[in-house]
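Position one of the sequence shown corresponds to residue 0 (numbering that gives the first Met the number 0), numbered consecutively onward.
There's no promise every hint is true.
As the list claims (entries may be wrong) - Computed cross-link-like contacts, DMTMM-like style, restricted to lysine to aspartate or glutamate with a CA-CA straight-line distance of at most 25 Å:
1) LYS108 to GLU7
2) LYS39 to GLU75
3) LYS39 to GLU96
4) LYS39 to ASP129
5) LYS108 to GLU96
6) LYS108 to GLU51
7) LYS39 to GLU4
Hints are computed from structural coordinates only; laboratory data are not their basis.
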Amino acid sequence: MDTIESVEGARSCLLTLCWTQSIFGLALACESQTAREVCKRLQELHSALGEENFIRLFPVILTDRGSEFSNPAELEALGTRIFYCDPMQSTQKPHVERWNREVRCRVPKGYSFEGQAILRAFGITRIPPDDVMRSPRLLAGKIRKIEKRP
Numbered sequence: 000m001d002t003i004e005s006v007e008g009a010r011s012c013l014l015t016l017c018w019t020q021s022i023f024g025l026a027l028a029c030e031s032q033t034a035r036e037v038c039k040r041l042q043e044l045h046s047a048l049g050e051e052n053f054i055r056l057f058p059v060i061l062t063d064r065g066s067e068f069s070n071p072a073e074l075e076a077l078g079t080r081i082f083y084c085d086p087m088q089s090t091q092k093p094h095v096e097r098w099n100r101e102v103r104c105r106v107p108k109g110y111s112f113e114g115q116a117i118l119r120a121f122g123i124t125r126i127p128p129d130d131v132m133r134s135p136r137l138l139a140g141k142i143r144k145i146e147k148r149p
């Protein structure tokens with residue numbers, strides 16, 4: 000688990016989580032880079048997934064010693080265990096650092112995470128509820144080819 004900072008002077012950030020067994024990762028928008036906001040986002044995930052699934056997906060979380068991760072007791076109350084890398088040793092969590100680089104390919108430094116900017120960066124468009132139908136036509140013109148990166 001890590002955070003990616005927004006533009007200088009902005010309070011927002013992305014909370015990133017990835018799984019070492021797969022190429023799947025999450026980037027959750029946070030209003031601020033604080034321990035309270037990180038706890039809030041993980042509590043939302045816990046509520047959305049349910050306790051059993053949350054614990055299955057997040058039995059252990061490895062992170063750095065940033066101030067936004069300074070409340071392990073509240074995070075562990077969700078059923079996970081928090082472990083910290085040694086100071087200045089980002090090499091102890093290479094999967095997270097690689098995931099952060101992938102996110103930065105879409106949202107380079109200097110890009111705001113505020114409002115609609117982050118949605119545009121990932122090519123996410125709002126679909127009006129009346130236009131939603133359960134057919135492949137829903138995605139017509141919405142799918143964009145993702146290039147393989149070296």
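Practice task
Of all the hints given earlier, name the ones this structure violates by number, lowest first.
Solution key: 4 and 6
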